[in-house]
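Colleague: Work out the full structure, taking the sequences as your base and the hints as a guide.
Sequence order for the protein chains is A and B. Number 235 in the working numbering belongs to position 235 of the first sequence; there are no gaps in the numbering. Number 19 in the working numbering belongs to position 19 of the second sequence; there are no gaps in the numbering.
Derived from the structure by calculation, the hints contain no laboratory data. Source: prediction; values computed, not measured.
Pulled a few chain A residues facing chain B out of the computed Cβ check, cut under 8 Å: (1) Asp-101; (2) Val-149; (3) Ile-151; (4) Gln-159; (5) Ala-237; (6) Glu-258.
Derived DSS-like pairs: lysine-lysine, alpha-carbon spacing no greater than 25 Å straight-line: (7) A:Lys-265 - A:Lys-230; (8) B:Lys-82 - B:Lys-335; (9) A:Lys-335 - A:Lys-230; (10) B:Lys-230 - A:Lys-230; (11) B:Lys-230 - B:Lys-265; (12) A:Lys-251 - B:Lys-251.
Glycine included, each C-beta is placed from N, C-alpha and C at the ideal position.
Protein chains: 2
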Amino acid sequence: MLDDRRLEVLRAIVEDYVLTHEPVGSKSLVERHPLGVSSATVRNDMAALEEDGLIAQPHTSAGRIPTDKGYRLFVDNLPDIKPLTGAEKRAIATFLQGALDLDDVIHRSVRLLAQLTHQVAIVQYPTLSRSTVRHVEVVTLSGTRLLLVLITSTGRVEQRVLELPKPVDDEVIADLRARLNTATVGQALADAAERVSRLPEMFHPSDAAVVAQIIAVFAEAVADERSDEKVAIGGTANLMRFGDEFDRSIKPLLEALEEHVVLLKLLGDMTGSSTVTVRIGHEVPHEQLVAASIVATGYGPGGRALATLGVLGPTRMDYPGSMAAVNAVARYISKILADA
Amino acid sequence: MLDDRRLEVLRAIVEDYVLTHEPVGSKSLVERHPLGVSSATVRNDMAALEEDGLIAQPHTSAGRIPTDKGYRLFVDNLPDIKPLTGAEKRAIATFLQGALDLDDVIHRSVRLLAQLTHQVAIVQYPTLSRSTVRHVEVVTLSGTRLLLVLITSTGRVEQRVLELPKPVDDEVIADLRARLNTATVGQALADAAERVSRLPEMFHPSDAAVVAQIIAVFAEAVADERSDEKVAIGGTANLMRFGDEFDRSIKPLLEALEEHVVLLKLLGDMTGSSTVTVRIGHEVPHEQLVAASIVATGYGPGGRALATLGVLGPTRMDYPGSMAAVNAVARYISKILADA
DNA sequence: ATTGGCACTCACAGGTCAGGAGTGCCAGAC
DNA sequence: GTCTGGCACTCCTGACCTGTGAGTGCCAAT
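Modeller: Here is the structure:
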């Protein structure tokens, strides 16, 4: 009975604090929550919760604030991801409906997520390495200039321009295009480089060298780590909503958001699966983000997590709401990617 | 003699205020600038400058702050765009050297500009409408699914996937590809739609309908207004450097920065030519940006301004420095685009 | 036209003080 | 045992006051 109520008190503290952004005291707590006990009892429970490191007081004789550990317990004991309201679902549907291409889907998702959660939204582009080749195109631009275009199953387009030592016959190019496609279409990008390594041998010795050069660029394109490093970010203005001590941590936060590499590492660490993951305050392995929490999940067609999306906000954010929104948007994008 | 010195006083006030972010008084002014007159004289000049609306005092008996009008006069009387130091030039060169593609050039430029000026950097992608067609590719993805790829002279790649009512013969596709290219390569995008309008007639009547459909998508792609709406932004963390009243205007500023459409309109208004333009405070036709100034210029290969880049910061920014940096980066990108 | 001098104005920092929300603890009730 | 009412205590907050100093405007003298 006792431990159960303490959990209830913690939940109430978290909810009130998220709402008001002010330390919550025992008296106002019993006034606003039907706990069925007096403030004195709550005070005792609070003392115990503080003992356990779940809440803290900014100064003696002030109300309590949840610690990172407190938020963690709160999140772990959340009953279930609450479903969105009908209106919200409709908003998502209409918002993502008219998307033209992958870029558009990503950007719309970012805006949507930022609007739904009032936090900073982060959406990673589907990683190349885990998607498959849909088509390869080889085009002569001018005599010695060649364009290589790679289209992936997720609709992403990579291009490379390369300079050749001497002009190459159009027939050779056409042949190469055909061979590249038969060898790689449908294959995972990770395997594609391997698949084409033998191709130069199939050409006339006089062409082998230049073909090898083209193949090398192709292999480099599919393996390019840099191509994985793409994210879209939106809703940064939402960081400014507060007039409190969180403002102090905004600058490092904005800086971290511009370090896409760091962000991607973070997102990559967080989830491969399609369940919603939460990182709270110091749990985030990055000192610029100690005052922030991240709610993220993987997404991708057919439940395979090709990439990660999520929101970032102050530790005192609305976790249930954010988790629901992140989850819903991820499902919608996944469906769109599966259809496309 | 008199008017000349007043201008000098204004310049000194602007410089000091930009440096210290504090209202500057007559005494400290004569201490730090070799004006050759006493503080009392400066006081008289200040009174005159205030009369003209060039400076203002936050409260009675405080120092003076330049008004937007004051900054304007200051900028207009700037001798010349001061050249960058050798170190800065080298930094630009090495920073932009290894760029792989257009995307990379843009992103590097944004970072560079943000670093050089310590402001928010904005770089618009070269507009499609003013660039020319380099290559058109038509690819069958599956039986009834077609991919259209458009490559522009600036290296930008646009793609469209379209669903056909029935499979189309490969020969027709090849024929169409050839005709599209001969008709449009080298042409301005704005003219391309016009150029291909007659193509369907050249095909067998049984194919004309489907060809017309493809042409329609192509025409829509080259004319797409939306494609012009692309900017890269960086250095938003630089907005947080100040611990003063400017902080109040940061939220609307961040919001405006996310409204790419608005930004683009702004940049578009600012310059078609390759000279550096400055908009100060209320001169910016957007109430969210009244506390901000913009320094921008056009850029593009061979002096033709294909797009705009610039920086955005508080009205009390280092105009000479920002103008120099913006100018230098614009020239460098232009050169890179001309080479590519 | 410029300057030194002088009275005046305010923002700002520091100090004091009352009010109030919140706490911890204890003794008594269920 | 658990809960509750009561009470003394803490200490943040906001209001109010005050002295200080930077800065101004104006005037008479050079």
